[in-house]
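Chemist: Numbering-wise (the working numbering), the sequence shown opens with residue 1 and increments by one.
Each hint should be verified, as a subset may be incorrect.
[As the list claims (entries may be wrong)] Straight line, CA to CA, 25 Å or less: simulated BS3-like cross-link-like pairs of lysine-lysine:
no., residue 1, residue 2
1, LYS255, LYS234
2, LYS356, LYS468
3, LYS51, LYS305
4, LYS246, LYS210
Just so you know, the hints here were simulated from the structure itself, not pulled from any lab data.
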Amino acid sequence: METQYEKLKKILRQMFQMDQADLDFGIYRIMNQKRDEIEHFLDKELLPQVKQEFGKYKDVEAEKRQKELEKLIKTLEDADVDPDTNPKVLKIKEEMAAYGDEESLASEVFSHLTTFFRRYYDNGDFLSLRRYKKDTYAIPYEGEDVKLHWANADQYYIKSSEYLRDYVFKLPGQKRVHFKLIDATEEKDNIKQEQGKERRFRLCDSEPIKIEADDLYVQFTYLPDNTKQADLNKETLEYIISVQNKTKEIDNFHKLFELMPTPKNPNRTLLEKHLNNYTARFNFDFFIHKDLSGFLRRELDFYIKNEVLFIDDLDEQDERKVIQSVGKVKVLKHIAQKIISLLAQIEDFQKKLWLKKKFVVDCGYCVTLDRVPEDLYDEIAKNDGQREEWVRLFAINEIKKDLTNPGYTKPLTVKFLKANPFLIVDTNYFNDAFTEKLLASIDNIDEACDGVIINSENFQALNLLLEKYREQVKCVYIDPPYNT
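Work the whole structure out from these sequences, hints included.
Modeler: Below is the structure:
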């Protein structure tokens, strides 16, 4: 039967994602650096520390009674009297049973730790759900007339499709396997896709597998597909196995086919494990806590007051029991805070990565021709990229020549540009020298701009705009970060 200590280690291994040691990208590289420290804590320090903490708070009265019992038993044995039938011995043993032995107290602490951490952890995320008791939630409230609250108010929302495009894991012997996404359609406006049009991972047709030195690349597309993902995964596995049978190159990665069985799938291989993990990751989004340490420490205090130390019972308990309960709480809190500190280090690092300002990789301007100096018209007329965009957006190829207006030609003419002053010049199609000349010709470019378009992830875009547009925006129309 699984002990409370083993149950706690199991949930902690899930929380620290100890089964992901071979992953070699993103936050997993950082977690791998701390993996030895966490393993040492779970296997070598956790149990001894609990016993050590109980040693600090061990009931003095219990030790006194133990010595008294040992002395009495020795006296009775010297007098050839059976101590097991002596009324005084039985009475002292009965009293000592009420103290609780160290092992049972430790088991109780492990049980509370398991209950507490399992309550807030689910599929890789810490849920910001303040508990009043087991099945009741409490909303943080500081006396405001109106309190706006939502489940993830103190977390950052991360969209998995924007986060994970290259999944890497290591094999023995410095070899690595990459699941690489090379063609994908993005979800539009966070709208749930229609049934039958869901996007799926399928092996790329052009070059599904390639090998570069010690790296194996398995390349995928992520496009609408009616086939179930489980069936596509099966096709992928069968294809890779067939390639292994045909070529010797992939033999160097034979560790991929070692068994990693589960109770439901005894024939699962290492490759299948990672393939299922990879394809599943795109199907859910996740959160990073803004202050995991503060949240869990507050919840721990609340948990102790409501579910460990029952204040209403203190008046009815004798002093010995009260001292024992306080000692148990101190041990529980000390160990829980150690675990929280380890968890918070990893979560805070993820938060720093998320909050780190991203580079602006490109910046362009769209300017109508009536604001462009005429000495730039000749260069604009010769630009095929700009001409093709105008054909696509404004169908300028349908403009026919008449008595007053020049018609569409290929290449365009300066006269045509002058006759259509509201065509929009996109600096994306021109070199830096052209863009600099154009911007230099416009007085106060900030005032002249009557619109801003940003192609970015919501959080970074809003942070970029914050200082420049502080207290200037009167209305924002924006899609919510995730549907509720």
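Chemist: Take the hints in turn and mark each one as holding or not.
Modeler: Against the structure, the hints come out as follows:
no. : hint             : result
1   : LYS255 to LYS234 : holds (19 Å)
2   : LYS356 to LYS468 : holds (18 Å)
3   : LYS51 to LYS305  : holds (23 Å)
4   : LYS246 to LYS210 : holds (14 Å)
Of the numbered hints stated above, none is contradicted by the structure.
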